[in-house]
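Take a look at the letters that make up each chain.
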Amino acid sequence: MSGPVINASFVDAIALPRLVWLRPNLIGLAFPLMKLLPARFIVRKALEEGELRPGGLIAETTSGTFGLALAMVARLGGHPLTLVSDPAIDPPLQRRLEDLGATVHIVREPGPTGGFQQARLAVLEQVLAEHPGSFCPRQYSNPHNPGSYAPCAEQLAYAAGAIDCLIGTVGSGGSVCGISSYLRMIWPELTVIGVDTHRSVIFGQSDAGGGRLLRGLGNSLLPPNVDHAAFDLVHWVGAAEAFLATRRLHRDHALYMGPTSGAAYLVAEGWARENPDRLGAVIFPDEGYRYQDTVYDDAWLEAKGARLDALPQAPVEWDHPHDGDDPWAFFRWGRRSYAEVMHRPAASPEPVPA
Amino acid sequence: MQPTLRLGTRTAAPAPTMVATLFPPPTREFRVGHAEIHAHHGEIVQGMFYSSDGTVEHGLVTLPCTLYRTRVRFRPLRSGPLTVEPGDRSRAKAAARLTLDALGRTGWGGAIRIESNVPIQWGCGSSTTDVLATIRAVADAFGTVLEPAWIAGLAVAAETASDSLMYGPGRAVLFAQRRGRVLLDLGGPLPAVRVLGFNTEGEHGVETLTLPPVPYTAWEIEAYRAVLGLLRRAVEEQDPGLLGRVATASTLIMQRHRPKRHMPELLGLAKEAGALGVQVAHSGTVAGFLFAPGAGADARIERARDGLGRLGVAASWEFSIGAAAHPEDPS
Chain A
1 MSGPVINASF VDAIALPRLV WLRPNLIGLA FPLMKLLPAR FIVRKALEEG ELRPGGLIAE
61 TTSGTFGLAL AMVARLGGHP LTLVSDPAID PPLQRRLEDL GATVHIVREP GPTGGFQQAR
121 LAVLEQVLAE HPGSFCPRQY SNPHNPGSYA PCAEQLAYAA GAIDCLIGTV GSGGSVCGIS
181 SYLRMIWPEL TVIGVDTHRS VIFGQSDAGG GRLLRGLGNS LLPPNVDHAA FDLVHWVGAA
241 EAFLATRRLH RDHALYMGPT SGAAYLVAEG WARENPDRLG AVIFPDEGYR YQDTVYDDAW
301 LEAKGARLDA LPQAPVEWDH PHDGDDPWAF FRWGRRSYAE VMHRPAASPE PVPA
Chain B
1 MQPTLRLGTR TAAPAPTMVA TLFPPPTREF RVGHAEIHAH HGEIVQGMFY SSDGTVEHGL
61 VTLPCTLYRT RVRFRPLRSG PLTVEPGDRS RAKAAARLTL DALGRTGWGG AIRIESNVPI
121 QWGCGSSTTD VLATIRAVAD AFGTVLEPAW IAGLAVAAET ASDSLMYGPG RAVLFAQRRG
181 RVLLDLGGPL PAVRVLGFNT EGEHGVETLT LPPVPYTAWE IEAYRAVLGL LRRAVEEQDP
241 GLLGRVATAS TLIMQRHRPK RHMPELLGLA KEAGALGVQV AHSGTVAGFL FAPGAGADAR
301 IERARDGLGR LGVAASWEFS IGAAAHPEDP S
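Residue numbers (the numbering used here), protein chains in the order written: chain A, 1 to 354; chain B, 1 to 331.
Treat the hints with care, since some could be wrong.
To be verified - Examples of chain A residues lying across from chain B (beta carbon under 10 Å, computed): (1) P143; (2) A153; (3) E154; (4) L156; (5) A160.
Stated by the list, open to error - Short, incomplete list of chain A residues facing chain B, as computed with Cβ under 7 Å: (6) Y158; (7) G161; (8) M185.
As the list claims (entries may be wrong) - Which bits of chain B does chain A cover? Going by a derived footprint, with three or more residues having C-beta under 8 Å, they are: (9) 213-226; (10) 246-258.
Just so you know, these hints were derived from the structure itself, not from any lab.
The beta carbon of each residue, even a glycine, is placed where N, CA and C say it ideally should be.
Make a model of the complete structure from these sequences and hints.
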């Protein structure tokens, strides 16, 4: 932020996004690996608060970018790391994690309820119990996950002054809820748009009826870190639409990003077209290299039935988040709580697993 | 970086190494020294900030105010007591002693006379202006001018916390008030704004130097990053609107810790009157509405004045910051 500097570590060097104009009224926040921000901050705070000893074991369940970020932070900080994952982990990522010194524990069987996610949580609890003094970052419930995004809000405020709208995909509740909570201190009228995908429970859909081809956003469990009252609008984007938008982002702007970035780009482009006099910013959470053989491979898209020739022009408005299947839809969430929107009494919310 | 005060005594032996960084150097001759310094009107922002080495420090950005000022006259005595008038200004006396030592005049005395119209305990820097003007007057008596960083070190030594008035209005700084050092030079003056000031407690004030440090939450400490980002933008772009948002954000965070009377109504009134934001003395009782200078400002200020009257705030005053308000640094 203050001119050319030599960073203390590579994590520090790449933790913040590059800011790119995508349109005269839309800024892209292109993160090499967004989860470095929460991984770095959660570990720093755990050390400060005495939950993690210097050199102490860190254990977490993840098969995605949070695991990679943790592995980098743990390695540089001298902490052994155990990651509990499932067979869906891609082999190059597993090799990279192991090269960084992480122990990757693959759970082979899904749990009787809650699928692989529940089974992984069970194994994680076992690892933590077997290693007294070990620390689990718990990105879905640790408030230091959304808390970690202040440097990004600072960067955006310094570079752009103030923005009218923040658009990002929602998976753990960290980035969009965190950045917007800080930006609203200086810009209370900020519009926040969350991007989810079908059969994710985060904004009230059911996860019944098969898995989600689009990974990295959405969730089968409701993360406590999602602050539903932060969102003005929620969009649901299908896998094929997100994949094509990912390719568009690459072709239009040479931004080689992952599929969650595509989903966010589709929604952000739509918003920017509709609001030419307002300034938006859209979060792109990771790069495209992990998806070379999938999203960036037409044959793979064809085989998955996820190849599209054209993007939908506009989203369909839903009256309620209940199971619709329009490939691109939105709902006016209106900064309400989950219970307020789903018409359930606040006293008996959806069961939320630990 | 705060330079170490290494100027030793000229008479004592063995003398410490002399560091000839004072310009002009103190003269053998001495005279009656004079100094004058303007007060402030609380802060644009006060909170906790990351320093360049990653530690978190209490810091603030002062809102200078030319309505009030302190003048100090210092008559040195080669030997004899050090006296101050009015007699209750012990911090100014301590500052004079430290400054004499720093100038190599250990053992000297003299008479300090302070003349100030800065309201006491309103958070306008009454104690700090006494201290800063005294330090400058002592230096002036020996024909020298001290660097702001030296003055900051002496001021914090004399009264445990200071504000950044020694840097003058020409260059806004984020200042660590308990360490007496600059955390961030904002690279220019604050953008020009007009301020409608008032006291939320009528005529009353608070004892500011005994206030404990505010126990900011982890979230608030992080939130100040975004506030600082916007402040840097406000200064670089000389954008009064962004400065108003910075002030309001800091006011809202401080309201959780040291609430000011009528703040929700004051925020509502500021919006209704077309103010850019609301600033407060974070350790004090004054507050101010910030307005963009130029067309329509008079009408907006008048509307805010009327609204203050309806809230029972009878007295208000107006001043400006920016190039027009400061033809030259009062130092």
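Results of checking the hints against the structure:
A least Cβ separation of about 8 Å between A:P143 and chain B falls short of the 10 Å threshold, and the interface hint therefore holds. Below 10 Å, beta-carbon pairs count as interface contacts, and A:A153 has one with chain B at about 4 Å; its hint therefore holds. Taking 10 Å as the C-beta cut-off, the interface hint given for A:E154 holds, the closest approach to chain B being about 4 Å. Proximity of A:L156 to chain B holds as hinted, the smallest CB-CB distance being about 7 Å (cut-off 10 Å).
For the restraint placing A:A160 at the interface with chain B, the shortest Cβ-Cβ distance is roughly 8 Å, inside the 10 Å limit, so the hint holds. The criterion of a C-beta within 7 Å of any C-beta in chain B is met by A:Y158, whose closest approach is roughly 4 Å, and the hint holds. With 7 Å as the threshold, the beta carbon of A:G161 comes within range of chain B, its nearest partner Cβ sitting at about 5 Å, so the hint holds. Satisfaction of the interface hint for A:M185 is found here, the shortest Cβ-Cβ separation to chain B being roughly 5 Å, below the 7 Å cut-off.
Closer than 8 Å: that is the beta-carbon criterion, and the region 213-226 of chain B has 6 residues meeting it against chain A, so the requirement of 3 holds. Counting residues of the region 246-258 of chain B whose beta carbon lies closer than 8 Å to any beta carbon of chain A gives 4, which meets the minimum of three for the stated coverage.
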